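Visitor: For reference, the chains in residue letters:
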Amino acid sequence: VTGTAGAADAAGAPDAAGAGCQHAAEAAVAEVGHGFFRDPYPLLGRLREDAPVHIVDFAYGRDTSVDTRRYVITRYADAVAALTDPRLSSEAERAVAGLTADGGDVTVTQRALIRSSQLLAGSAATVDPPDHTRLRRMLVRAFSAKRVERLRPGIQAITDELYDRQAGRDEIDLVADVAKPLSLRVVCELLGLDHETVEQFRLATGEGSVTGMFAPADEGFAAELIRAIDGLEAYIAQVIEEKRARPAGDLLSDVIAVREDGRGLSEVELRKMTALLILAAYETTVHLIGNGTLALLRHPQQAERLRADPGLLPGAIVGMMRYDGPALGLTRYALEDLEVSGVAIPRGSYVFIAMAAANRDPRQWACPERFDVTRRFADPHLGFGYGPHYCLGARLASAEAESAIGTLLRRYPRARLAAADPGALPRQASFVRGVSEITLHLT
Amino acid sequence: VRIVADRERCIGSGQCVLTEPSVFDVSDEDGLVVLLSDQPEGDQEKGAREALRSCPARALSLAPEEPR
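Chains as they are written, first to last, in this note's numbering: chain A, 9 to 451; chain B, 51 to 118.
Everything labelled a hint here was simulated from the structure, so no lab data went into it. Misleading hints may appear alongside valid ones.
In the EDC-like style, the derived pairs of lysine to aspartate or glutamate whose C-alpha atoms are separated by at most 20 Å in a straight line are [what the hints assert, rightly or not]: (1) A:Lys-154 / B:Glu-100; (2) A:Lys-154 / B:Glu-58; (3) A:Lys-154 / B:Glu-91; (4) A:Lys-154 / A:Asp-258; (5) B:Lys-96 / A:Glu-241; (6) B:Lys-96 / B:Glu-79; (7) A:Lys-154 / B:Asp-56; (8) A:Lys-154 / B:Asp-75; (9) A:Lys-154 / A:Glu-197.
Small disclaimer: the values here were computed from a predicted structure and weren't measured.
If we strip away everything but chain A, and leave its shape as in the complex, we get (with noise of 0.2 Å):
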């Protein structure tokens, strides 16, 4: 657990082409710890003006016994070409082919790891072509903007309801009060599930989902974990043979009676694709919501000009993924060896894509630490990922976050942060990011 021994490597002429291979510097592994998920920005910032890839050590929180080393990658070139490249693989269960291949008893927090990796193999998120290619055209082709645009009534009923529940009040929590069951109800609408019966998994669906192939140190958690995922396995089957035996309109309802030459989704894939669909949707778009809400009322200025031309809202809402998406990055195993402007990466080494990283990156961006929500942007942030495996749910997710926000300039012109900084990190910080209380003052 050193410090930055190596860094000198890479850091001399990172893009010099033809220089032959180096070696990734080695970033120093205490910066990766409670302050990073605070704040990522200064660390991510330091990695991409230091040389295109490292090491870094995400061993915060987690049992050591699984490697929580990735090679990291900063740059926005190199994040598009990544996330394009097929030699890095979307297979999750890569992680714990060691654990399960050597035969022996596995802990707790590994069991933990294998549990939370099964929910999700065989997902769209978690294969690769030709897989890939066939379950996510069913998912787009169920997934329409027809069917979002028919659900934005009923998102606006929701929010309308959540900030009415807080009549009478001065101080909320916009995360417990609003994003959360907003997010919880509205992917529970799209696939027809009962919200209350969903939240009982919450640790299943949010901070222990999506620990980026990493087992949690801690064995209470890991065994809380374990619980939540095989409630909600349960749940997911269950109402899948509902459906089966009576549709109901919803997107689970049509895709599963989708017959395609004879080929349908399996039952396992269904089941799957349910655990995706609620993990991909719910804990992101509450951060999104959380982080966007964030960014806006430490800017007052910018808060008020969106006040005073709500027109501006979608393109705000583009900016806050740009500027501070609730997705820190995402995970990919090797193929093969290969090279990253310049720099080598090994066959079976775990990459982490940091969108993060590239949405601030100056060789991009003009004033990349700048939010302002009027600016426009002729390229795409990468929020919401790029290439294959591009969120589906991004106009979803981005017209929750129109509703919350917009909702809340409009009723409470005086919402401000109860506290410059506010509430706690979740209890296992994750790559889906963001706080898990933001305490408002409303008049």
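The hints should help you fit chain B onto chain A, whose structure is shown.
Guide: Positioned in the frame of chain A, the structure of chain B alone reads:
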């Protein structure tokens, strides 16, 4: 207008299909864009224009209508 899809640029994000499924689809083979209709009119044209804007790879463009 005529829609042109550049399959070299397409990254298979599927945003166009999400936006206007009557004009765009994704291929079974490679997951990349397929045009179902390259000269959409009315609501389809409106949707197709929005799809142009939503494409993260900038793989879609407009060209002058071909003479019939």
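Visitor: Failing hints, ascending?
Guide: Going through the list in order, the structure violates hints 2, 5, 6, 7 and respects the others.
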